[in-house]
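K.L.:
So the sequence lines, in the order shown, correspond to chains A and B. Per my numbering, residue 6 is the first one in the first sequence, and the count goes up by one each step. Per my numbering, residue 92 is the first one in the second sequence, and the count goes up by one each step.
By construction, these hints were calculated from the structure, which means they are not laboratory data. Keep in mind that the hints are not guaranteed to be accurate.
Claimed, not checked - On the chain A side, residues computed to face chain B include the following (Cβ under 8 Å):
#, residue
1, 31
2, 32
3, 33
4, 39
5, 40
6, 43
7, 45
8, 58
9, 66
10, 72
11, 94
12, 138
13, 192
14, 529
15, 541
Don't be surprised by glycine CBs; every beta carbon is placed ideally from N, CA and C.
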Amino acid sequence: MNTTSASTDAPVGGSWEELVTVALLGTERRTPPGQRPGQQAPVALLDAAAVETVRRRAGIRPARAAARPEPAAPDPRTTLPPAAARRLATLLADRPGTGGGRRGAAPDLMELLPQWLSLANARGFAAPPQTLPALLDAARGRTDLRPAALTFAGPRALWLARLNPEWRFALRASPGGGAALPDPEEAGHVQQLWQEGLFAERVALLAAVRAKDPSAARELLVATWTTERAEDRLMFLDSLRSGLCAEDEPFLERALADRSRNVRATAAELLSALPGSALAARMAARAVSCVAVDRTRPAPVIVVEAPHECDASMERDGVVPKPPAGRGERSWWLGQLVEAASLGTWRERLGGRSPEEMVALPVADGWQAELHAAWCRAAVRQRDPGWSRALLGTPSAPEAGGPGAVSLAERAKLLATLGAGERAEWVAGFIGTHGLSEAFQLLGVCAVPWAGSLGRAVVDALDIARDAGNYPWSFSGVMGLAERCLDPAEAARLDGLTSVPDESENAVPGAGGYWAEAFQRLVTTLRLRATMSAELTTP
Amino acid sequence: MTQQAVRWTADQVLALAPDAASRKAGSKLGAAGPWSEAGSTEEGTVWGLCRGSGSKPYQTVIDIADSTGPAYKCSCPSRKFPCKHALGLLLLWAGADGAVPSGQAPDWAAQWLEGRRRRAEGRSAAGGGSGASSPGDPEAARRRAERRAERITAGATELEQRLADLLRGGLASAERAGYGLWEETAARMVDAQAPGLAARVRELGAIPSSGPGWPVRLLEECALLHLLDQGWLRRERLPDGLAATVRSRVGLPGSADGPPVRDRWLVLAQYDTADARLTTRRIWLYGAESGRTALLLSYGAAGRAPELALPVGLAFEAELSAYPGAGQLRAALGERFTPPAPAAIRPTGLTTPEAAARYGEALRADPWLDSYPVTLERVVPAPDGDAWQLADVEGESALPLSPSSRSRPDLWRLVALSGGAPVTVFGECGHHGFTPLTAWPQGEGEAVPLC
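From just these sequences and the hints, can you work out the full model?
P.N.:
Structure follows, in structure tokens:
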């Protein structure tokens with residue numbers, strides 16, 4: 006605004022450009038304009054330049070307005086209460102990488118941000134606009150925060166992201182690149198976007214339609230299926246995973262003949278998750294022929310005769326013929342058959358037994374690990390709580406703690422098929438018997454906040470670990486989870502643990518103080534979570 | 092002082108932090124964990140015990156209601172001021188989660204408060220006398236001032252000679268001469284007891300390496316320095332106001348002897364600039380009654396925050412006395428009558444052409460002004476190529492943002508606050524462009540600091 010628009014009037018002592026030229030070359034080579042007699046040339050130049058500089062600055066005019074950005078879409082959600090807005094600012098100010106060092110008894114604020122965001126989203130609050138840059142920066146650094154942060158940030162964050170390349174990720178992460186998706190009810194718009202949209206837009210559209218009307222999404226896909234590229238087909242097929250229903254079967258059955266192996270495998274996997282599907286029945290027929298109860302022995306035993314070949318029809322149903330390195334091909338095939346077979350078929354095949362009884366049957370010739378692992382995968386895939394319960398066994402059983410047939414990772418998946426209450430009870434029982442050292446993964450699948458019995462089991466186990474003379478950082482993972490997941494109402498019960506105990510005989514030196522600090526942090530964090538939640542309510 | 096102190100926001104508390112490390116450390120302590128026996132009174136005293144690494148907890152007490160600004164006392168050994176414990180305690184108090192209940196101050200806190208109150212009373216009782224007490228012999232002081240003026244005159248004359256030499260040989264040679272020449276000249280101006288001239292000379296040295304268009308900027312600054320030299324050498328012939336401006340620009344200390352103006356002052360902005368020796372804090376105030384804008388300056392040694400801190404968006408009743416000089420907005424804070432409290436006051440705003448004209452008019456009184464504080468009303472931040480501008484919502488005018496404000500993350504807070512809708516923005520408008528410092532959203536809403 007300063008130079009160009011100002012100096013259109015005739016200047017006093019020569020034009021500004023002329024003065025600059027003289028100044029650059031020096032008055033020894035050029036005579037400045039407007040030099041009075043008896044005046045030194047450099048002084049004349051400085052005089053003229055001073056007048057001209059102040060004149061130019063005083064004559065500043067505004068620039069021409071550039072195109073103003075389109076206003077951001079309005080955010081109809083409720084304004085955040087002031088206390089909650091301040092809390093958000095504090096949580097966002099606690100960025101990792103600035104400082105570090107020991108946390109001491111202070112809560113880890115960054116770890117509370119996800120919980121704060123999900124609460125705020127659940128209660129329908131809008132983000133204060135001035136916090137959006139910090140929110141977007143936080144989401145940029147932590148992908149796990151992105152979905153909740155972007156939901157909370159709302160339409161204005163996408164508006165901002167279009168102006169700042171550093172926040173492009175927000176456009177990619179949100180459906181349709183930030184463009185508004187057509188209402189799934191408007192058939193015309195949906196058809197148009199499906200036919201003409203970019204790949205990302207189409208994936209988002211399919212997901213949106215699937216969420217509202219599963220059949221409509223499938224029909225959309227069927228219409229263009231033969232013209233899609235193989236990679237795209239795989240992605241589209243994958244989006245049928247949500248809302249999978251028996252009506253999808255004919256389409257999936259056709260996809261078993263797809264040109265692409267990955268598409269075939271995905272179709273087979275989806276079909277096997279439908280217990281009533283023809284594929285599940287075919288796989289069951291194959292699996293059943295491999296597994297039987299041997300009644301000739303004094304006590305019933307399961308005998309396994311793994312398949313001798315992987316024929317073309319098995320391959321068509323998604324069985325991968327070549328095993329990974331280090332596995333025999335027959336056991337590899339067996340695993341896939343059992344995994345895809347409907348679990349309901351076993352009852353009849355194995356003599357009308359309940360899942361618990363079948364799992365309890367001994368398995369001959371060392372096939373137990375293979376068979377039980379395949380049943381686990383089937384129970385997870387078919388989301389069968391009865392079988393999951395049977396495979397999990399009782400939490401206090403001695404083998405539940407060790408690396409038995411069912412690994413911790415598999416147990417965690419099996420637990421996920423159970424209801425929240427049952428899950429919490431099982432994990433509480435597990436911790437009560439086996440302590441915390443193996444519990445981290447299992448705690449991760451429990452609903453937050455933890456149920457009363459589970460929370461008590463964790464706290465008791467921590468207390469026992471302290472008395473056993475451990476250092477608290479051996480349990481930092483569980484401690485961190487407890488800070489985020491324990492019901493804030495439990496804080497009062499923990500007060501007794503926060504004092505530094507007298508050093509007992511078997512304690513490690515100094516551990517008592519660290520434990521007290523860790524419990525203090527736990528209590529503080531719980532109180533903070535209770536406050537956070539209270540702040541996020543409309544008065 | 093008896094008025095109930097309103098709880099501050101976390102932002103306002105964090106604005107008191109002397110540096111980023113304290114802000115971080117204070118935030119960590121802003122949770123109930125390490126604190127015990129914390130409490131506050133309605134008059135605005137906050138206290139608490141903070142468990143640190145030692146066996147004895149630190150005793151922290153803060154008096155925010157005091158009319159001379161928040162005062163802190165902590166038994167920790169930190170030399171930062173306020174220390175992280177004081178910040179943490181204030182955050183805890185600002186969080187309003189009931190961790191700092193109302194109550195009766197414990198003895199150790201009450202003693203300190205009592206001592207402060209007594210001293211404050213002593214000061215105000217002695218107030219009349221201390222102002223009049225003369226700094227020694229007036230005759231000696233006059234002779235000292237004369238000697239200094241002579242030194243400055245010698246310095247200004249020498250500087251004139253150096254500028255003339257420079258332009259005789261051409262600015263192109265200045266690029267080759269590099270920084271050393273200017274550093275040496277600046278040192279000569281320090282010897283001449285003209286810190287204002289020294290600072291300007293030092294800035295000249297950085298211009299040749301400041302990118303395209305440097306000859307224009309160098310000529311401008313040389314010419315303004317020449318103007319200041321000439322102003323000093325002929326100060327007897329200048330009108331009083333302009334002569335005072337020249338004296339303060341050259342670097343002579345003035346005293347805020349203007350008549351005290353009592354008003355309700357809204358804190359518009361507070362920001363620090365630091366160089367190797369000094370941290371300078373600028374606080375812009377807006378008088379709700381008078382409509383005046385005033386500047387408070389305070390200084391801290393390198394790396395330490397100046398003591399005066401006023402949270403943006405709060406207003407307080409106080410007296411301000413202006414420093415001498417035409418077009419000078421600097422004032423000194425006199426007596427404060429109320430502690431800072433949230434207020435719905437907003438400064439009245441201008442359109443962008445009016446703001447540009449305001450800077451032009453201000454140059455009449457002080458041609459060395461780089462910028463002038465203005466509030467823009469109903470402007471929209473708009474991208475303009477790589478740069479940004481604030482465009483009037485009606486009409487075709489806009490002010491480009493200054494290059495320094497373009498690269499700051501706070502620009503995005505302003506853009507986010509606007510969301511394409513008009514906002515009110517306070518900032519400094521000058522020949523570099525507009526530097527936004529604080530913004531208010533359309534309709535209701537608190538001030539959002541941008542610096």
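K.L.:
Now, for every hint given, state plainly whether the structure supports it.
P.N.:
Structure-based check of all given hints:
1. 31: Holds, because the Cβ-Cβ distance from residue 31 of chain A to chain B comes to roughly 3 Å (cut-off 8 Å).
2. 32: holds (5 Å)
3. 33: holds (5 Å)
4. 39: Where the cut-off is 8 Å and the nearest Cβ of chain B is about 14 Å from residue 39 of chain A, the hint is violated.
5. 40: For residue 40 of chain A, the interface hint is violated, since the closest Cβ of chain B sits about 12 Å away, which is over 8 Å.
6. 43: Hint on residue 43 of chain A: violated, closest Cβ of chain B at ~15 Å, above 8 Å.
7. 45: Holds - the Cβ of residue 45 of chain A comes within 8 Å of chain B, reaching about 6 Å at its closest.
8. 58: Given a least distance of 5 Å, the restraint on residue 58 of chain A holds.
9. 66: This interface hint holds because 6 Å falls under the 8 Å limit.
10. 72: With a minimum Cβ separation of about 7 Å from chain B (threshold 8 Å), the hint on residue 72 of chain A holds.
11. 94: holds (6 Å)
12. 138: Hint holds; residue 138 of chain A Cβ to chain B Cβ min 4 Å, cut 8 Å.
13. 192: violated (32 Å)
14. 529: holds (3 Å)
15. 541: Since chain B brings no Cβ nearer than about 12 Å to residue 541 of chain A, farther than 8 Å, the hint is violated.
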